[in-house]
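> So you can see what is in the structure, the chains are spelled out below.
2 protein chains.
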Amino acid sequence: MMYNQVERRQSWLDMALLGARFMEKHGRDADGNWYFSITREGKPLVQPYNIFSDCFACMAFAELYKATGEAKHKEIALQAYQNIQARSANPKGMYNKLYPGTRPLKSFSLPMILSNLTLILEEVIGKDEVDKVVRPLIHEVMDVFYQKDSGLILEHVAPDGSFVDCFEGRLINPGHTNEAMWFMMDLAERFNDPELQKKCVEVLIHTTEYGWDDAYGGIFYFKDIKGYPPQQLEWDQKLWWVHLETLIALVKGYKQTGDSRCKDWFLKIHDYTWSKFPDPEYPEWYGYLNRQGEPLLTLKGGKWKGCFHVPRGLYQLWKAL
Amino acid sequence: MMYNQVERRQSWLDMALLGARFMEKHGRDADGNWYFSITREGKPLVQPYNIFSDCFACMAFAELYKATGEAKHKEIALQAYQNIQARSANPKGMYNKLYPGTRPLKSFSLPMILSNLTLILEEVIGKDEVDKVVRPLIHEVMDVFYQKDSGLILEHVAPDGSFVDCFEGRLINPGHTNEAMWFMMDLAERFNDPELQKKCVEVLIHTTEYGWDDAYGGIFYFKDIKGYPPQQLEWDQKLWWVHLETLIALVKGYKQTGDSRCKDWFLKIHDYTWSKFPDPEYPEWYGYLNRQGEPLLTLKGGKWKGCFHVPRGLYQLWKAL
Chain D
4 MMYNQVERRQ SWLDMALLGA RFMEKHGRDA DGNWYFSITR EGKPLVQPYN
54 IFSDCFACMA FAELYKATGE AKHKEIALQA YQNIQARSAN PKGMYNKLYP
104 GTRPLKSFSL PMILSNLTLI LEEVIGKDEV DKVVRPLIHE VMDVFYQKDS
154 GLILEHVAPD GSFVDCFEGR LINPGHTNEA MWFMMDLAER FNDPELQKKC
204 VEVLIHTTEY GWDDAYGGIF YFKDIKGYPP QQLEWDQKLW WVHLETLIAL
254 VKGYKQTGDS RCKDWFLKIH DYTWSKFPDP EYPEWYGYLN RQGEPLLTLK
304 GGKWKGCFHV PRGLYQLWKA L
Chain X
4 MMYNQVERRQ SWLDMALLGA RFMEKHGRDA DGNWYFSITR EGKPLVQPYN
54 IFSDCFACMA FAELYKATGE AKHKEIALQA YQNIQARSAN PKGMYNKLYP
104 GTRPLKSFSL PMILSNLTLI LEEVIGKDEV DKVVRPLIHE VMDVFYQKDS
154 GLILEHVAPD GSFVDCFEGR LINPGHTNEA MWFMMDLAER FNDPELQKKC
204 VEVLIHTTEY GWDDAYGGIF YFKDIKGYPP QQLEWDQKLW WVHLETLIAL
254 VKGYKQTGDS RCKDWFLKIH DYTWSKFPDP EYPEWYGYLN RQGEPLLTLK
304 GGKWKGCFHV PRGLYQLWKA L
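Heads up: the protein sequence lines correspond to chains D and X, in order. Here this note's numbering is used: position 24 in the first sequence is 27, and no number is missing along the way. Here this note's numbering is used: position 263 in the second sequence is 266, and no number is missing along the way.
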């Protein structure tokens with residue numbers, strides 16, 4: 004991505020190819036599904052139960068194809084994309100522990116990530132396919148998961164879009180919403196849709212106000228839409244990606260609409276983020292702060308914090324600013 | 004349990020029977036495996052992926068059988084026990100997401116809970132079966148999961164008992180260890196084994212010192228044996244059951260050995276526990292405190308905090324004191 008969009012520096016492409024060759028050889032099962040984790044040597048550790056592994060692999064090989072033009076890279080991206088489409092009705096497949104039919108829920112994650120992935124795939128699947136796929140995704144995000152009454156986006160709704168009064172149904176993830184808002188803003192720009200741009204800014208500002216911790220600063224990880232305690236023990240923590248994705252959405256929202264609330268919130272969250280997340284001694288960021296804003300885990304990477312949100316976020320912020 | 008061991012009060016037995024009839028009708032799948040969760044109306048919500056549901060159901064029906072003498076209650080307990088035995092090699096069955104063979108691990112939870120469950124089942128499975136089953140469990144807990152070098156018990160080891168240097172392999176759960184220590188003390192009493200009693204007290208005191216938070220008091224939920232950040236975002240929280248189970252072990256350890264360190268730690272953790280966990284207005288306990296000792300979630304019950312550790316703990320403490 005850096006090679007394609009920042010500078011055609013050969014050493015960056017070489018690095019990407021090292022990773023790609025390893026992943027190509029070790030990353031997938033016989034059906035082309037991407038393992039959730041593998042060992043350092045490349046042996047599978049955790050089965051491909053999580054469709055988001057496929058989404059991230061798909062993005063990576065689509066981006067690599069832009070750089071190399073190699074058919075093999077396009078094919079790998081396309082295979083992942085087709086698997087994602089095929090698995091989208093039941094992403095966890097045989098690893099789904101929910102009893103079918105009792106309390107069916109659909110999850111915001113999938114339309115959200117697809118609305119970004121699809122744009123990255125344009126050179127692999129073509130402009131017409133992108134246009135065809137993203138329209139219903141915008142509808143899912145902005146009409147189905149978005150709740151008119153509260154102005155917030157739910158993480159899970161019933162298949163018919165209705166509210167389900169249980170822990171999962173009441174869950175709000177402000178960082179997730181704000182990340183989705185910049186995906187929507189990118190689509191609004193593509194379709195030249197100022198109404199959608201304005202709506203995204205409304206959702207973004209409202210969610211940021213709702214998610215902000217007045218006592219210690221920072222945006223909460225989870226909240227319950229009815230104000231009940233959420234199920235997640237980590238609900239009050241401050242996560243790196245939540246703040247980065249919110250910053251991206253705020254600066255894009257400001258660029259698109261000039262709404263001064265975007266600028267005000269951007270400056271406030273910028274100050275919080277840059278004073279709390281980067282390690283002053285080594286430049287990588289801590290991922291997980293406690294409610295008070297202190298590092299809860301001193302690790303810089305792990306199962307969920309990879310080399311993804313920080314570089315993407317810095318790139319997006321730089322370009323938009 | 005209260006009817007059997009505290010007072011033969013009919014209203015308590017009636018309550019238990021109400022619960023038992025509901026569970027008997029709605030709790031199991033066609034093979035008698037216990038669902039992880041069901042709705043208020045009794046429809047299955049989450050598949051029987053978790054063998055600990057079967058363990059808790061087994062305990063409940065074994066205890067009920069002691070009160071009623073009804074063959075049906077004995078049969079339900081026995082069916083659960085047989086299923087647990089059959090599933091013990093791969094407790095999660097088809098829901099196990101680990102790729103077979105790459106990094107096999109066995110988990111401390113199973114020998115630990117079985118060493119307590121088996122005693123409760125004595126009237127269902129008979130004294131000889133209990134004696135036969137618990138000997139190897141004591142070995143697993145005190146020789147295999149216990150690490151001589153550090154004096155601590157690991158949550159996961161390789162099938163041959165060796166240390167595995169990964170997040171799961173480095174994990175220490177001090178509350179889990181301490182709970183297991185009073186299960187072992189009960190067995191040590193059964194077998195009149197003062198050596199085992201002494202060893203349990205050593206592990207208990209060492210683990211309590213290791214798990215204690217010098218800055219804010221209370222026992223951490225998780226630590227990494229090499230001092231690295233653990234994977235669990237909730238690692239620094241203070242949980243109700245950790246403190247209750249530690250108190251039980253300390254008072255039993257004091258009773259069995261007279262070791263004054265047990266008394267000193269008991270008083271210290273008693274003060275922490277009773278000043279932090281019970282809601283002063285309504286008598287049930289909060290389950291989850293943040294590192295500082297304030298309620299992190301104001302709920303009194305949830306998916307993991309049922310009506311189990313508090314009543315069992317108060318009963319055990321009362322009897323032992």
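What the hints contain is simulated information worked out from the structure, not anything from laboratory work. Please note that a few of the clues may not be correct.
The list makes no distinction among identical chains, and a pair is therefore deemed to hold if it is satisfied within one copy or across any two copies.
Claimed, not checked - Simulated pairs of lysine-lysine, DSSO-like, Cα-Cα distance not exceeding 27 Å: (1) Lys46 <-> Lys109; (2) Lys100 <-> Lys46; (3) Lys202 <-> Lys135; (4) Lys258 <-> Lys95; (5) Lys46 <-> Lys258; (6) Lys28 <-> Lys201; (7) Lys229 <-> Lys306; (8) Lys306 <-> Lys95; (9) Lys46 <-> Lys95; (10) Lys69 <-> Lys201; (11) Lys95 <-> Lys135; (12) Lys109 <-> Lys306; (13) Lys202 <-> Lys258; (14) Lys303 <-> Lys100; (15) Lys109 <-> Lys95; (16) Lys271 <-> Lys75; (17) Lys258 <-> Lys229; (18) Lys201 <-> Lys279; (19) Lys229 <-> Lys308; (20) Lys100 <-> Lys306; (21) Lys308 <-> Lys130; (22) Lys202 <-> Lys308; (23) Lys100 <-> Lys308; (24) Lys28 <-> Lys100; (25) Lys229 <-> Lys130; (26) Lys229 <-> Lys303.
> Determine for every hint whether it applies to the structure shown.
A quick look at each hint next to the structure:
Taking the closest pair of Cα atoms, Lys46 and Lys109 come within 27 Å of each other only across two copies (19 Å); inside a single copy the shortest separation is 32 Å, beyond that limit. Taking the shortest Cα distances, Lys100 and Lys46 sit within 27 Å of each other both inside one copy (25 Å) and across copies (14 Å). Proximity of Lys202 to Lys135 under the C-alpha cut-off of 27 Å is restricted to the intra-copy arrangement: shortest distance 22 Å within a copy versus 68 Å between copies. In this assembly of identical chains, Lys258 and Lys95 lie within 27 Å of each other by CA distance neither inside one copy nor across copies; the values are 38 Å within and 50 Å between.
In this assembly of identical chains, Lys46 and Lys258 lie within 27 Å of each other by CA distance neither inside one copy nor across copies; the values are 45 Å within and 50 Å between. Taking the closest pair of Cα atoms, Lys28 and Lys201 never come within 27 Å of each other, the shortest separation being 45 Å inside a single copy and 53 Å across copies. Taking the closest pair of Cα atoms, Lys229 and Lys306 come within 27 Å of each other only across two copies (18 Å); inside a single copy the shortest separation is 31 Å, beyond that limit. In this assembly of identical chains, Lys306 and Lys95 lie within 27 Å of each other by CA distance both inside one copy and across copies; the values are 18 Å within and 21 Å between.
Both within a single protomer and between protomers do Lys46 and Lys95 lie at most 27 Å apart by alpha-carbon distance, with minima of 21 Å and 22 Å respectively. In this homomeric assembly, Lys69 and Lys201 never come within 27 Å of each other (Cα to Cα): the closest approach is 32 Å inside a single copy and 67 Å across copies. Proximity of Lys95 and Lys135 under a CA criterion of 27 Å is satisfied intra-copy only: 25 Å inside one chain copy versus 41 Å between copies. In this homomeric assembly, Lys109 and Lys306 come within 27 Å of each other (Cα to Cα) both inside a single copy, at 24 Å, and across copies, at 21 Å.
For the identical chains of this complex, Lys202 and Lys258 are intra-copy neighbours only, at 14 Å inside a copy versus 67 Å across copies, given an alpha-carbon limit of 27 Å. Taking the closest pair of Cα atoms, Lys303 and Lys100 come within 27 Å of each other only across two copies (25 Å); inside a single copy the shortest separation is 31 Å, beyond that limit. For the identical chains of this complex, Lys109 and Lys95 are neighbours both inside a copy (12 Å) and across copies (24 Å), given an alpha-carbon limit of 27 Å. Taking the shortest alpha-carbon separations for Lys271 and Lys75, neither the intra-copy value of 45 Å nor the inter-copy value of 64 Å comes in at or below 27 Å.
For the identical chains of this complex, Lys258 and Lys229 are neighbours neither inside a copy (33 Å) nor across copies (48 Å), given an alpha-carbon limit of 27 Å. Proximity of Lys201 to Lys279 under the C-alpha cut-off of 27 Å is found in neither arrangement, the shortest distances being 30 Å within a copy and 47 Å between copies. Taking the shortest Cα distances, Lys229 and Lys308 sit within 27 Å of each other only across copies (21 Å), while inside one copy they are farther apart (30 Å). Taking identical chains as interchangeable, the C-alpha atoms of Lys100 and Lys306 lie at most 27 Å apart whether they share a chain (21 Å) or sit on different chains (15 Å).
When the C-alpha separation of Lys308 and Lys130 is checked against a cutoff of 27 Å, the pair qualifies neither within a copy, at 32 Å, nor between copies, at 51 Å. In this homomeric assembly, Lys202 and Lys308 never come within 27 Å of each other (Cα to Cα): the closest approach is 30 Å inside a single copy and 41 Å across copies. In this assembly of identical chains, Lys100 and Lys308 lie within 27 Å of each other by CA distance both inside one copy and across copies; the values are 25 Å within and 20 Å between. When the C-alpha separation of Lys28 and Lys100 is checked against a cutoff of 27 Å, the pair qualifies only between copies, where the shortest distance is 21 Å, while the shortest distance within a copy is 30 Å.
Taking the shortest Cα distances, Lys229 and Lys130 never come within 27 Å of each other, neither inside one copy (41 Å) nor across copies (52 Å). Taking CA atoms no more than 27 Å apart as the test, Lys229 paired with Lys303 passes between copies only; the shortest distance there is 17 Å, against 34 Å inside one copy.
Comparing the model with each earlier hint shows violations of hints 4, 5, 6, 10, 16, 17, 18, 21, 22 and 25; every other hint is respected.
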